[in-house]
Structure formats: structure tokens, C-alpha cells
Amino acid sequence: MIEPLWEVFIRSRRGLSHTHVGSLHAPDATMALRNARDVYTRRQEGVSIWVVRASDITASSPDEKDEFFDPAADKVYRHPTFYQVPEGVEHL
Amino acid sequence: MNDLFTYTLRLGDDALISAQRTAEWIAAAPQLEEDVALGNIGLDQLGQARSLLQYAGQVEGDGRTEDDLAYFRDERDFLNLQLCELPNGDFAHSMAKLLYFATYQHLLYEELRNSPDEMLAGVAGKAVKEVAYHVDHATQWVLRLGDGTEESHRRMQAGLEAFWPYTAEMFESDELVRRLAVAVDPSTLQDEWERLVMAVIDESTCSRPESSYQHRGGREGRHTEHLGYLLAELQHVARSHPGATW
Amino acid sequence: MLAGMDDSFQATIDADGRIEPRDAMPDGYRKTLIRQIAQHAHSEIIGMQPEGNWISRAPSLRRKAILMAKVQDEAGHGLYLYAAAETLGVDRADLLDLLHSGKQKYSSIFNYPTLTWADIGAIGWLVDGAAIVNQVPLCRCSYGPYARAMVRVCKEESFHQRQGFEILYTLCNGTQAQKAMAQDALDRWWWPSLMMFGPPDSASTHSEQSMAWGIKRHSNDELRQRFVDMTVPQADVLGIKVPDEGLRYDEETGHYSFTEPDYAELYEVVKGNGPCNKQRLAHRVKAHEDGAWVREAAAAYAEKQTLKEGAA
Chain A
1 MIEPLWEVFI
11 RSRRGLSHTH
21 VGSLHAPDAT
31 MALRNARDVY
41 TRRQEGVSIW
51 VVRASDITAS
61 SPDEKDEFFD
71 PAADKVYRHP
81 TFYQVPEGVE
91 HL
Chain B
93 MNDLFTYTLR
103 LGDDALISAQ
113 RTAEWIAAAP
123 QLEEDVALGN
133 IGLDQLGQAR
143 SLLQYAGQVE
153 GDGRTEDDLA
163 YFRDERDFLN
173 LQLCELPNGD
183 FAHSMAKLLY
193 FATYQHLLYE
203 ELRNSPDEML
213 AGVAGKAVKE
223 VAYHVDHATQ
233 WVLRLGDGTE
243 ESHRRMQAGL
253 EAFWPYTAEM
263 FESDELVRRL
273 AVAVDPSTLQ
283 DEWERLVMAV
293 IDESTCSRPE
303 SSYQHRGGRE
313 GRHTEHLGYL
323 LAELQHVARS
333 HPGATW
Chain C
339 MLAGMDDSFQ
349 ATIDADGRIE
359 PRDAMPDGYR
369 KTLIRQIAQH
379 AHSEIIGMQP
389 EGNWISRAPS
399 LRRKAILMAK
409 VQDEAGHGLY
419 LYAAAETLGV
429 DRADLLDLLH
439 SGKQKYSSIF
449 NYPTLTWADI
459 GAIGWLVDGA
469 AIVNQVPLCR
479 CSYGPYARAM
489 VRVCKEESFH
499 QRQGFEILYT
509 LCNGTQAQKA
519 MAQDALDRWW
529 WPSLMMFGPP
539 DSASTHSEQS
549 MAWGIKRHSN
559 DELRQRFVDM
569 TVPQADVLGI
579 KVPDEGLRYD
589 EETGHYSFTE
599 PDYAELYEVV
609 KGNGPCNKQR
619 LAHRVKAHED
629 GAWVREAAAA
639 YAEKQTLKEG
649 AA
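Protein chains in written order, with the numbering used here: chain A, 1 to 92; chain B, 93 to 338; chain C, 339 to 650.
Rather than coming from a laboratory, the hints here were simulated on the basis of the structure. Check each hint, because a few of them may be wrong.
Unchecked claim - Think about it this way: if two alpha-carbon atoms lie no more than 25 Å apart in a straight line, the pair counts; the simulated SDA-like pairs of lysine to any residue are:
no., chain 1, residue 1, chain 2, residue 2
1, B, Lys221, C, Ala403
2, C, Lys646, B, Arg246
3, C, Lys646, B, Asp228
4, C, Lys646, B, Thr241
5, C, Lys646, A, Arg14
6, C, Lys441, C, Ala431
7, C, Lys642, B, Gln249
8, B, Lys221, C, Asp411
9, C, Lys493, A, Ser48
10, C, Lys517, B, Pro334
11, B, Lys221, A, Phe9
12, C, Lys517, B, His333
13, B, Lys221, B, Ser279
14, C, Lys369, C, Ala431
15, C, Lys646, A, Arg53
16, C, Lys369, C, Gln473
17, B, Lys218, A, Arg14
18, B, Lys218, C, Ala407
19, C, Lys624, B, Glu242
20, C, Lys616, C, Glu627
Generate coordinates for the entire structure from the input sequences, incorporating the hints supplied.
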């Protein structure tokens, strides 16, 4: 994959903690940070941004229905039917 | 002739014509994140243009607004650098142009912040932060394209060289900037500009453009053929309905 | 599908809860969502073109700035939506391939041309107006990432419709030529805007299942009626006439009765025969292909840096 996926966390104001706002694609961390600034903060001052490679995130969510998977820590977008979309598939 | 009017117009036209070219990348950029980034840069440039043209109109004292100046002047009355009006070329060309121009603007605005003219100082104070980001953006791309693939390196080198002959004009001094106390004499910026730009070019693995003939004339309203077409598009609707409000 | 999964999935939906990426979900739900979210994202980025068309010619600097910000917002919305789709296990690059090859679609409204400056006003007022009617209910969609993306989109969209209306209001209170420009734009954009709500309920095939899954909250006809009721009074304020001879306010129901658009036109446009289909896609594909060497260079640079760091 040419452009890795990054998850973006923003602290919108002093006193608040970082919250997850979405994701974006960028070739490296430097560009990811700049893209996050452009896309998620539109030039606001005094904001803190974290970008993390999606593949570096380890996830576990006891409230979500994952008793059907390995209960050990897992990838953030782990889904039972995760697969590459084959070519020529109509309507997905 | 009103020196302050002319000087402010130079800076305002630089920003306006640059904004027009930058905006051409919207919906055409190499990836969506870049449509957003270049949109930001274009908006910054346009914002600077609006503040400066508004002020120029006030200083002139004839009641001309930012729109009167942007839409109802002819080519020979525009005082922007020729660099600003040149077509974008490919993405590498555009990043070369942005590197050259934004580095100049950053040095200019840093000095202009200290101008005894409150308005110019104010515009510069806001703009210097914006333009620092433009320099950073251009730098990140010049590095990546220069030191990316063979093809990107070739294109980056071509871009740096294509615009090199339009860079000396940025630093031209003349009687006007020397006698206008509130102005920044751009010739004082050239050495630092060259140091900064060459550092980026070196790190990008591109070669420094060789010294060449340098084009000039923009500050006297002598432009390339490109400005005519740019203005025709920019001004057409407004000129078709003279006196109308939008 | 595993036994028991279906029950908790449907129970969450019925309780108006949210399904999150790690939840088990029926195949059909996932596929429907991917298609819907992706096509919504594609609509945002294709939508940048008809409006982007007028940035260079905007007749005042203030209008130019507002339009640039609007089109930029649309790119951002595309990004939020692709990100939401990706939580379902697809890659944005693949979704773009499906757009470029014509296998996934975008809103047919963007296959119409913007012929005058007034069209920019009409798009903000009518097209964004219709989009808002469609989008606000989606903020309560059952799929968490999509609902959250929609909340963000709706917040940013608040100024889009207003700026379109303001453009037209200025034109309608300007010169004769400006007012005529505004009327002409309304004449051309009214029917396509009604078609944005899709075929009539009687002809809409997927709706029932989408409603049961909490993806679709209201029927096409319901939303279309809501749009007409909101918009006609606004046309009155502008002083321009909706091009529908059959338009009447019904005192009893409190709604406007209106002529249905010619859905044959909608089907043609969806099939690829609208005025701008080929042009929109070609422009998008060209931007993508022209940018390939840039994306490759960025990846190559990133890899070189990684190798350097590894060697250090």
C-alpha cells in the first residue's frame, strides 16, 4: 500500500484531552501531521494534534461485541469479514 | 504619484495573482489532502490581497475598493512580480514557485511587521504566520520530489530551473522603496533568501540552478503574455455588469 | 453469519444504538453501508468540479474567498467519508478505483453544468439545501463512524446553503440582468434538485431493508416533500418563480403540492447520459493519474527515510 492510514487525535482546547476525530492517508508522519492540521483543524491556533499509524494501534473494547473473536488485544478495525475487495465486484 | 499607494499595490497584486494561480489546483491536486492544503494556501494569499488592496484604495483616496482594483484595472496597471503570474506547470513546478515566492514573502513580512505604518505592520503580522506554513509546505514537497523517484527528481529540477530566471525581480530596489520610510527595501532580503532556498535545494538532492538572465518589469506593469489571459478570466463577469453588486 | 450475532445486532438497531467497527454485522449491512458511504464521498469530491469551475471568475474577492472555502470543505467532507468507509475494511484507493472505472456512482446532480455565476447561488441554495435534508437524518444513522462523520459534515455545511441563498438574494435585488440570471438558474436547477431524493417510493427497491437497518430514516418522497415545503417560501423571498405551473399551497395539509419531476431524465443521467458525466469523470481520473508520480515520489522518499533511520 503506497499510502498508509493514520488515525488522528485532536486536543481542541487547553484542559481537554485528545479525542479521535477520524483518519487520513499520508506517506509519512510529517505529512500526516500537516494533513491533519489542514483537514481537521483548518488553521486554528493552540490546538494539539497526534497522528498514529493505524497499524500501530492495539485495540480492545469489552463493550463491543467481540466475544466471537480472540478476546486478546487486536487491531482497531478488526472485522470478521475483513477482506480485500476483489476486482469486478458489483455494488460491493 | 502616491508612493504608499504604489507600494501597497505591489504587495497586494503579488498576493492576488498568486492566489488566482494557487486556486487552479483545487479539484486537480494529486490527492485530496493536497486539495485541502492548497485551498488553505490560496485562501491565505487571497486574504492578504484583500487587506492590502483595501488599504491601497483608502490610501489613494479616490474611493476605489478592493474589487475596483482587482476587476477594473488593465494589465499595464498591475504591479505584481512576473513570477506570480506564470502558469502553474506540473506539481513540482508549482512547489518550486511556492518555495521561491513564500520564502521571499516570509522575509518581507518579518521586516514589514516593524513598519511605522500600522496597517502594513498589522497585515504583515498576521501574514507572517500564514506564510511560514507555505514555506514549510513547499519545503516538504521539494524534499520529497527531489529525493523521491527518478521521475520526480527530473521534474523537480525542471521546476526549480524554469522559475529561477524570475527570482531576481523579487529583490529589485528602486527610488520608491528607498524614499518610502514605511516600506521594506527588498534588496536587503536577497542574501538570506538565497541561503534558505539553497539549503532546501541541496537537501532535496537537486542541483542549484545556474545563474541566468533575469526577467523583470512587473513593478512597472510590463508583464508576460500570461497575465492578459489570467485577468480576462478573473475580471470577465464583473466587467460584464459594471456597477453591479455581488 | 454466527448464531446469536444477528440478535444482538438487531437489538442494538432497534434500541437506536450504534454499531461500531468491531461489532459483528450482517454481510448485507456492511456491503450496503460501504456502497452508500463511498458514493456519498464520491459525490463530495465530484461536486468540487461544478463549483470549482467558477472560482477563477467569481465577480468579487469576497465571493471568491467564500467559494474557495466551500469547495475546500467538500474535499474535507470526502476525506471524512472515505475514512468512515475504511472502518468497514475497504481501502480508499480501491474505492477511488471503483469510482474511476464507473462501478460506483456519485450523486447525479453533479452531472449538470454550471453555466453562469447565478448557478453557484442555485447550487448552494437548492443542491446543498437538498443535501442537508438528506444528511441531517444520517447523523442518527445506526453505524457509528458514518453518523459521526455526518455530524461533522452538517456542522460545516451550515454556511454552504446560506452563502448560496445570499448570492441569489443579492442578484435578485440587483440589476435586471442579474435578476434574470437568477431566474434562469432556478429554472435549470429546480427539477434536478428534486431528483436528488431519488426515485419515487413506489419505484425505490432497497429502501425497506435500509430502513430496518437504521441506515435510512425517511422515505424519498417524505424528504422530497420536506425540501419543497422549505424551499418554495424561500423562492418567494427571493422574488423568483419556481418553474412548476402545478405548484400550489394546500391549506388543508399545510404542504405544497407539486409536479413530480420527469424521472426518465434521472434514469438517463444515472445511466451516464447527463450533460457532464463523461467530463466529470475524465477530470477526476486525470487529476488522479497526473498525480501518480507525486504519490509514488512521496512513498519512495518515506521508504528512504525509514531505511536511513534503520541504518542509524
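Here's how the hints hold up against the structure:
Between Lys221 (chain B) and Ala403 (chain C), the direct Cα distance comes to roughly 19 Å. Compliance with the 25 Å bound is thereby established for this hinted pair. The suggested pairing of Lys646 (chain C) with Arg246 (chain B) holds, with an alpha-carbon distance near 22 Å, which does not exceed 25 Å. Straight-line distance between C-alpha atoms of Lys646 (chain C) and Asp228 (chain B) comes to about 22 Å, which keeps the hinted pair within the 25 Å bound. With a C-alpha separation of about 16 Å, the suggested pairing of Lys646 (chain C) with Thr241 (chain B) holds against the 25 Å cut-off.
This hinted pair does not check out: Lys646 (chain C) and Arg14 (chain A) have alpha carbons roughly 36 Å apart, beyond 25 Å. With a CA separation close to 14 Å, the supplied pair Lys441 (chain C) and Ala431 (chain C) stays within the 25 Å bound. For the hint pairing Lys642 (chain C) with Gln249 (chain B), the CA-to-CA distance comes to about 19 Å; that is within 25 Å, so the pair holds. Our distance criterion of 25 Å between C-alpha atoms is met by Lys221 (chain B) and Asp411 (chain C), whose separation comes to about 22 Å.
Under the criterion of a C-alpha separation no larger than 25 Å, the hint pairing Lys493 (chain C) with Ser48 (chain A) is consistent with the structure, at around 21 Å. Distance restraint check for Lys517 (chain C) and Pro334 (chain B): the Cα-Cα separation of roughly 15 Å lies within the 25 Å cut-off, and the hinted pair is therefore satisfied. Restraint check: the Cα-Cα separation between Lys221 (chain B) and Phe9 (chain A) comes to about 23 Å, which is no more than 25 Å; the hinted pair holds. A distance of roughly 12 Å separates the Cα atoms of Lys517 (chain C) and His333 (chain B); the hinted pair therefore holds under the 25 Å criterion.
As the CA atoms of Lys221 (chain B) and Ser279 (chain B) are separated by approximately 22 Å, the hinted pair is consistent with the 25 Å bound. Using a Cα cut-off of 25 Å, the hinted pair Lys369 (chain C) and Ala431 (chain C) holds, with the two alpha carbons roughly 17 Å apart. A hinted pair counts as satisfied when its Cα atoms are at most 25 Å apart, and Lys646 (chain C) with Arg53 (chain A) qualifies at roughly 19 Å. Simply put, Lys369 (chain C) and Gln473 (chain C) have alpha-carbon atoms about 20 Å apart, close enough for the 25 Å limit, and the pair holds.
About 23 Å separates the Cα atoms of Lys218 (chain B) and Arg14 (chain A), which keeps this hinted pair within 25 Å; it holds. For the proposed pair Lys218 (chain B) and Ala407 (chain C), the alpha carbon gap of about 19 Å is at most 25 Å, so the pair holds. At most 25 Å may separate the alpha-carbon atoms for a hinted pair to count; Lys624 (chain C) and Glu242 (chain B) meet this at roughly 21 Å. Taking the CA atoms of Lys616 (chain C) and Glu627 (chain C), the gap is about 16 Å. The hint holds against a cut of 25 Å.
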